[in-house]
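Below, each chain spelled out in residue letters.
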Amino acid sequence: MLSLEDLFVVALVWGIVIILAWFLSRYLLTVFTGAKSRLDRFFLPIENFIYFLAGVDSTEKMGWKEYFKALFYLNIAQAVLAFFILMFQQNLPLNPMHYPGMSWSLAFNTVLSFSSNTNLQHYNGETTLSYLSQMSAIQFLQFTSAATGLAAGVAVLRGFAGKAKTIGNFYFDYVRSLTRVLLPLTFVATIVLIALGVPQSLGGYSSIPTLQRDAYEILYKGPIASLVSIMQLGTNGGGYFGANSAYPLQNPTQISDFFEIGLMMFIPTSILFLFGRMVGDNREGRTLFLAAYVIYGIDLLLAFLPATQIGRGMEVRFGSTASVFWTVTTTAFTTGSVNASLSAFNPVVILTGFFGMLIQAAPGGKGVGAMYLLMYIIVTIFLVGLMAGRTPEYLGIKIEGRDVKLAVAAFLTHPIIILVPTVVAFVIGAEKTIGLTTNSIGFTKVFYEYTTAAANNGSDFLGASANTVFFNVTTGVVMWLGRFLPMLFMLAIADSVAIRKRTPSQGLKTGNLSFVIILVVSIFILTVLTFFPFLVLGPILQFLQGFKTGFGGVVLGL
Amino acid sequence: MKGVKRISTAARLTLISVVICGLIFPLVMTGIGQVALPWQSNGSQVYFENRSIGSELISQNFSAPVFFHPRNNSASGVDPDITLSYATSQIPRIHNATGISESFLNATLQKYRQYTLFFFGTPYVNVLNVNLFLVASYPTIYSPYVQ
Amino acid sequence: MEKSLQWPSIFLDSFKRLNPYVLKNNLVMFITEITFVIVLIMAIDPNLFPIVSMASERIFYSEVALILVITVWFSTLSDSIAEAQVRNTASSLRKMKEQMTAKRLLSSNRSNFEVIQSDQLKKGDLLLINHGEKVPIDSEVLEGIAMVDESLLTGESANVRKSVGSTLLGGSVVTTDTLVARVSVNPDETYVSKLISLVESSSRPKTPNEIALTILIAGFSAIFTIIIVTLLFLGVALNLGIDLAVVIALYVCLLPTTIGALLPAIGISGINRMSVKRIIAKSGKAIEASGDTDSLILDKTGTITRGMRKAVEFVPSGKHTEREVGEAALLSSWDDDTPEGKSIVELAYNLGFVPHAFSSIERSEFEEFSAATRRSSIKMSDSHEFQLPKSGRDILQRRRLRRKFVSGQQQQDLEIVKGAPDAIIDYVKIKPQDFDEKLQTISEDGATIMAVAETGDVIGFIKLRDEVKPGVKEKIKALREMDIEVVMVTGDQPITAGVISKDVGIEDYIAKARPETKYEFVKKEQKEGKIVSMIGDGTNDAPALSAADVGLAMASGTEPAKEAANMVDLESNPSKIIDVVMLGKQILMTRGTVTTFSIANDIAKYFVIVPIMFAALPELGALNLMHLTPHLAVISALIYNALIIPALIPLALRGNAFRPSSTMKLFLKNVTIYGLGGILLPFIAIKLIAILIVILRVAI
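Chains as they are written, first to last, in this note's numbering: chain A, 5 to 562; chain B, 903 to 1049; chain C, 3 to 702.
Honestly, the hints are just simulated from the structure, not real lab data.
Watch out, some of these pointers could steer you wrong.
[What the hints assert, rightly or not] Lysine-lysine pairs mimicking PhoX-like chemistry, simulated, CA-CA at most 25 Å apart: (1) Lys312/C / Lys287/C; (2) Lys471/C / Lys431/C; (3) Lys671/C / Lys513/A; (4) Lys904/B / Lys73/A.
Treat the numbers as computed from the prediction; the structure is a model and nothing was measured.
Sequences and hints are given; from them, build the entire structure.
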């Protein structure tokens, strides 16, 4: 049950993040509308130099196909570069530990994972990756995939807002996401994290004799703080360490823990407000914000229902509150970093994690989450909007057959790429090859693996144990499909609505509380309709069985 | 032709991005960290008799009965902390092995007590800090056990 | 008017529609029929489906198969009923179009004609129509004046006067005189033909919303197909003890069968309801657009008001008296044939303002009102005793007899002019001191003012007022409650327009409208993204009618107007545009409610079937909220799923009843009833069905 202390901490973090996100959204508006700003004197020359070097015209208006091609080709190029760095790190500098290169399937999985902002890790970073790989493959892709997601999300919002009559220019959005948003924010966050105890060093890993006689520890000093800051801010989630943010050097204290939770929430939350600003009606942004946060809040309430005690798989310094808060947040924002082992949690917590990832918009990743919210809005408005006695419309845009087709295609992507490989894995018995049993726990783990891949989340049960060709390749493909197909469909809708005539809103009004409620109910219904039987076979069955046999280390107190 | 242009643009922008985000940024941050916050940047190492005995943040292998022991199964595997109740449960063993009074051990735990939610939540202690305090307080008892 | 439906043929038709080749256009029902075939095969030989079926379950499989095929049949039945209704309407419309003989003129000589069948006529042919004969086809009067009975077409009982240039509707009856007319359409192009062909066409093009809805339904079907197929493989791979028939039952329950079954019927019945109202829509798209109307342009005259200004008061000017004005007005209007003229004579007579003796009307020269001069006048001389008739009606009677007059023989000594105030001043050239002030005061309440001048001296004014049609005010209120912006267009002065519009509750009006005003306004509104509906009848309206999203032309209007519009009202009742809007909304709403209801139902069906579908997982019994045994759960859910279709057929055919209120209010109300209700109802209904099955001891 949610205790008063839990509530206080959650409310405190929410309050601070929401207020700061509100101000950030004001800044983001100038960044992405290209409005004049005092910062131009500093940033413009840098950006123009980048455009010059890349040979791009950042002012050219792009259609959805051009926008997507520019985005997709760039991601391919980045993935290829990172692939070679990971494969051949032993021949490259900054490898004081002399770690060998990755296998092709693991490198394939890793680059698809990081370039898609998923950050599913089938390896333990501290014992696998050289400094160069951590910096120029992992951290590099964390920046670029965050910038890609932010750009695509903003382009979709821009199209729906309609003021610009275009979805914009990819290079403009991408470069500005990096120079004006991600780099300055990670700069500050890195310094804060270092101050809180996260190392930032290239001094090599060393074995140190510890206090007790004949005992040693390996101190993994590395460029950790700079990686952790972008992994949280960019809702990437892939850690420097296999244990991710449970590892003390990545997340030393409660303060760093709440700070990192705040980092995950920061940009996705401000994007919701940004939409209202782009539309020119803050109520529309408020609708996205409320819908996302109501779902996120319901997930949190559910997750706090069973009394979780510090036990196996949980870090003492975070306790149960911060562990549950983090786990729900990391799935709701599709970040995927973890500060406790998922096996430590009651199946109810895992169920809320599933909700976060299956919905992807509560509030979802930066940019992309808002994009998914718009997808739900289109489906919802078309599903129920006819009952107003008018052609369903959103922001005065009449929803047409093509919009429904594309939104449904975006929605369909998810069940297909989650359910099909999950079932294939069990049909060919892939779960047995990594030592899973064929029961509700095993099913939950595999189902979670493909869900986290499709949702570009990255938290998982399996970790390095899933480093097999089958899981590396299938999850890799799922991650890219889950990343780029919905993006393509939503960009196509946004591009067409950008120039579509708009009725001065006389019909369905979306900037009010009743619409928020309808949207939230509809999102839950759509998700439950699509995944109910599978959730039943996974966490729900696990819960019902545990009800009889107990949950091991976890005490249930409904 | 357009495809070639797009590929060359992608390649160039990739190189620019990797230089900025994958090299300059982490290197600059490392420089700043090493200059401004060297202790944290290098892993918050604790010194005993002017020698680094590892990071305060990383759990150490305490197996001798005279020390407080960390937990072995937690998520990171190197959880430096234990709950106060688990620590308290170890007091009789340490008392038997060292003869240090239970009240002193209890007081030590209270001195290093922290809470998971700042002022409330579950109380816990950092194992290394507690053991260091014991070593410093009873150097003769502990000298056979330390490096 | 409606014939009762022919049930035997409806049933026959609905069975014919079970043919998979016919059914393939309806995705959901096609899938359902395939599942029926699979379960039927299971019932015949369960061994064909190892692992997922049991030989002991054959009775159960037969029952599932039976319910599945009944589900499909309910769907085809709804189609058949809707189509039968449409055929009924079409046949009643076709009566107007039945074959008749026509007299085609072979030369300009009226006696030189041939008698042929009306379907042999061509556009441009000349017709001779004697009194008592039916007009064989839509045509335009070239010669003659006659009264025509259009009651069969429009329901209006009064005869209509038709003169040169008037439109004759095919099917109407000439009751007086003889007309020569030119055929204006080919027989297969008449509006009635168009309506009938539209109504009867089985391959109606889908409307934009139908297309989008079909896509949504296909999307949901795809999702549920993926779920079911993966679940089936998973069930086998993990050995969860599933039965194919139960999986199929879940599949069909989840498929949006309700909306899938009723969507075609909703569309057909919409067209039917339009036709019953005697409105020809050239496409379903136009009907749908009418529901989306943001801005509705109404002509003041004819739509809001009767279009007949009646004199209500005489106002003297200067030292003149009311009587003087009244008498002069009577004289000036004596031969004025317009409704205004008649009403002035009547008012003057009723007030007793009749001169004792004055020049004979026969000795007068009457100048008719014209748009150019904006006045009418009478010049009189001589002085014959004038016998006062007994009543106002008699005056009108006598006037008709005295239409002929001899002019220019006598010296004229009296001239009375009446007309638009500024036109009168222009004419008499002298403006009394209090003229402007007086005019201002008496026109404040929106009345139309005419000035009266006697031999160059303005003696006073006539106040005229138009009458608002009964019921218009309420309809406008309803429109405004539905967030529709209503704009009144009139050629009147702004003050007059303002008063009338305020009277009926319209906020926006366009006064002093010129012929092109409507077109410009339509374009302006559309540029703002609004959906504009309007009515029109004149050739002047044609550009606006064709630009508007919904253009409703009057059947009595000109050919170009009817060509330009996308709907034609056979009854020529302009205020029916309001009904069109309501009907458009109703169709959209009906589609929406059935869709939402259909999807909302799925939640309950999941909770009924999923807990019992994995025999190997008894723990799931905790989710069995309805406490149903496996067979009972499946059969009850399937029966509910099937029965909900006929239960909603009346709603699909009649449309959602709704009271005009704001879009958001309507929406929230429907969301509550069909969304929330759609989630809750099946829980209760399925349980009740299960209880009934147990009570009736049906073996399952």
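Quick rundown of the hints versus the structure:
1. Lys312/C / Lys287/C: Violated, at about 41 Å.
2. Lys471/C / Lys431/C: Distance ~39 Å between Lys471/C and Lys431/C Cα, so the pair is violated.
3. Lys671/C / Lys513/A: The hint holds at about 14 Å.
4. Lys904/B / Lys73/A: Given that 25 Å is the threshold and the Cα spacing comes to 11 Å, the pair holds.
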